[in-house]
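Enquirer: Generate the whole structure from the sequences, applying the supplied hints.
Line by line, the protein sequences give chains W and B.
Position in the first sequence counted from 1, then plus 580, gives you my numbering.
Position in the second sequence counted from 1, then plus 580, gives you my numbering.
Some hints could be false.
Which copy? The list can't say, so a pair holds if one copy fits it or any two copies do.
[What the hints assert, rightly or not] The calculated lysine to any residue pairs, modelled on SDA-like cross-linking and capped at a C-alpha distance of 25 Å, are: (1) K824 with P849; (2) K896 with L609; (3) K824 with R861; (4) K775 with L658; (5) K896 with I885; (6) K674 with R706.
Since the hints were derived computationally from the structure, they do not count as laboratory data.
There are 2 protein chains.
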Amino acid sequence: MNAPLTIALDAMGGDFGPSVVVPAALDFLSKRRDVALILVGNEEAIREQLKDAQHDERVTIRHASQAVAMDELPSKALRNKKDSSMRVAIDLVKEGVAQACVSAGNTGALMATARFVLKTLPGVDRPAIITAVPSQHGSTHLLDLGANVDCSAIHLFQFAVMGSELITAVEGLAAPKVGLLNIGEEEIKGNEQVKQAHELLSTCDLNYVGYVEGDDIYLGDVDVVVMDGFVGNVALKTSEGVAKLLGRFLSRSFKQSWLTRISGLAALPILNRFRRTFDPRRYNGASLLGLRGIVIKSHGGADRIAFENAIRIAEKEIHCNVPERIAQQVAIHLDDGRKRAAG
Amino acid sequence: MNAPLTIALDAMGGDFGPSVVVPAALDFLSKRRDVALILVGNEEAIREQLKDAQHDERVTIRHASQAVAMDELPSKALRNKKDSSMRVAIDLVKEGVAQACVSAGNTGALMATARFVLKTLPGVDRPAIITAVPSQHGSTHLLDLGANVDCSAIHLFQFAVMGSELITAVEGLAAPKVGLLNIGEEEIKGNEQVKQAHELLSTCDLNYVGYVEGDDIYLGDVDVVVMDGFVGNVALKTSEGVAKLLGRFLSRSFKQSWLTRISGLAALPILNRFRRTFDPRRYNGASLLGLRGIVIKSHGGADRIAFENAIRIAEKEIHCNVPERIAQQVAIHLDDGRKRAAG
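Expert: Quick look at the structure:
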């Protein structure tokens with residue numbers, strides 16, 4: 581095996597474990613030449629999934645004797661599960677055997693373990709979770725999505741620096757537009773942390789466009805929207821809820837009678853395009869930013885298509901040297917901040 | 581004029597002022613016998629709107645020399661606009677001339693003025709804003725939606741009591757299901773305020789169902805979802821953003837070619853039902869709960885159909901004695917809390 585690029589997959593994570601992770605891994609490899617994957621977890625369970633499938637030496641298994649439960653306390657997982665598939669996958673990144681890892685496991689445990697094993701980049705107080713959502717003009721990235729429930733202004737500022745650099749690195753945008761989520765476009769609204777973060781962002785050299793509101797996320801006029809983890813998680817879940825409600829209403833409506841079934845047939849190409857465009861699987865894969873290594877969180881309920889997408893994001897972040905680039909930007913902004921503070 | 585029920589309308593509020601408020605008022609009256617409306621604002625501008633329209637003595641005008649701007653600081657509006665249409669409409673409720681008022685004006689100013697003029701009910705620390713959103717099984721009520729950006733556990737608890745009683749009063753549900761918005765169903769997640777509010781709610785006699793997440797709002801399994809104002813405002817605006825994104829995608833898709841136009845025609849009844857069901861105008865009208873009087877906030881961009889809906893909500897809350905009923909419930913829960921605290 582001499583692949584220049586290796587990704588470790590937590591094969592036991594998520595609602596479906598190896599039955600999703602292994603097929604997704606093989607799908608991914610069938611489209612790539614220069615990537616190797618390490619399947620981390622219960623060897624027997626992984627072999628069972630591999631046995632009837634075509635695969636080559638780019639797939640290897642790394643046995644791990646434990647698995648982290650989806651509802652396990654992060655602190656307990658960290659203390660008691662030193663040979664979990666999640667932990668070993670992250671260890672492989674730490675050791676340089678893999679350049680990234682992907683897990684559909686317990687978000688809290690993944691963040692705690694990644695932070696403990698890999699450590700944060702210099703100047704980053706807290707790692708954040710970022711993902712893309714569809715918008716009118718493509719997609720918008722949101723962070724933080726749940727790693728940090730109480731954030732100070734400086735945390736929000738760091739999220740902005742990291743999110744902006746991720747977009748620059750991965751999408752090649754020179755100056756991504758960064759917005760700060762607030763509850764009014766007027767400067768009079770919002771809580772203290774948000775107002776202070778606004779001050780910090782207004783005087784830095786990011787392409788900061790100011791406050792944005794919840795509905796602006798989906799207009800696509802900004803590339804990155806910054807918020808604390810509680811708010812971000814609510815925004816993301818609420819969006820999923822609305823999309824599901826509307827989608828179900830439509831499909832139920834078209835199935836109501838033979839007349840609506842016929843009109844549904846006529847509208848099928850459009851409804852299918854609708855489903856494809858807003859398919860959450862296309863957006864599966866959130867990055868844990870601010871760590872000394874690449875860690876991608878897949879949705880726990882991801883299927884093989886969705887999980888494959890998360891592997892693709894890991895690959896892209898390796899190619900784009902995301903952690904190194906973020907480290908540089910954080911250093912520049914810290915330096916700039918120090919100079920400005922010194923007058 | 582001897583109508584048993586009078587509602588004061590801030591005719592100058594919102595993006596369109598009298599050109600929306602006056603027609604909405606007349607539409608509303610054409611369907612009612614026992615309600616009178618007072619149009620508060622610039623007399624000339626209101627007369628201009630009334631002049632070609634049919635109306636009877638149930639419409640009266642109350643001149644007010646000022647108007648509150650949509651971006652005016654609430655504290656300034658309160659200090660400098662003592663003869664604004666908004667202030668006078670609220671004064672009419674205070675004086676008992678009207679039993680409720682409706683305004684599409686600046687939310688912050690409306691809340692500040694209403695709180696100053698009407699005062700909060702005994703035992704209520706902070707009034708909250710509540711509205712309904714569509715869900716799988718009808719609708720779900722959310723509060724707070726922006727009045728309170730930083731909330732303690734006791735504030736969230738009071739919101740739950742008020743929201744629950746509103747549903748009981750207005751929708752006749754004996755024990756509405758109350759959920760507390762959090763970012764994980766497991767008890768390990770969430771911020772301190774939310775965890776403490778969960779403790780308070782778990783031991784009170786509301787029909788508290790526990791934590792819910794953003795996507796649960798639209799499932800309709802709970803009747804009331806409680807959250808702080810920052811989170812609530814983001815949840816609401818984000819939902820609007822997603823609904824607009826999906827709606828625009830659909831209508832644009834159906835207009836793409838003559839083929840899609842034909843399939844759009846076939847699907848028209850369903851698309852129209854979709855639009856009707858999720859028409860935000862049907863949900864226009866948020867209540868300011870916890871005050872000694874009924875104040876309804878209409879969306880600033882409301883058209884006549886939407887504004888009429890807000891008047892209808894005001895009428896319903898008068899019929900149901902909402903403030904009195906909330907006062908009673910708050911008293912019971914305070915008493916119960918005191919007893920429990922005393923062991």
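Enquirer: Could you run down the list of hints and mark each one as holding or not?
Expert: Hint check results:
1. K824 with P849: Both ways: K824 and P849 sit 19 Å apart in one copy and 21 Å across, limit 25 Å.
2. K896 with L609: Answer is within: at 14 Å inside a copy they meet the 25 Å cutoff, but 62 Å across does not.
3. K824 with R861: both (13 Å within a copy, 21 Å between copies)
4. K775 with L658: between (35 Å within a copy, 23 Å between copies)
5. K896 with I885: Answer is within: at 17 Å inside a copy they meet the 25 Å cutoff, but 50 Å across does not.
6. K674 with R706: Within one copy only: 18 Å inside a chain, 50 Å across chains, cut-off 25 Å.
Every hint from the earlier list agrees with this structure, and none is contradicted.
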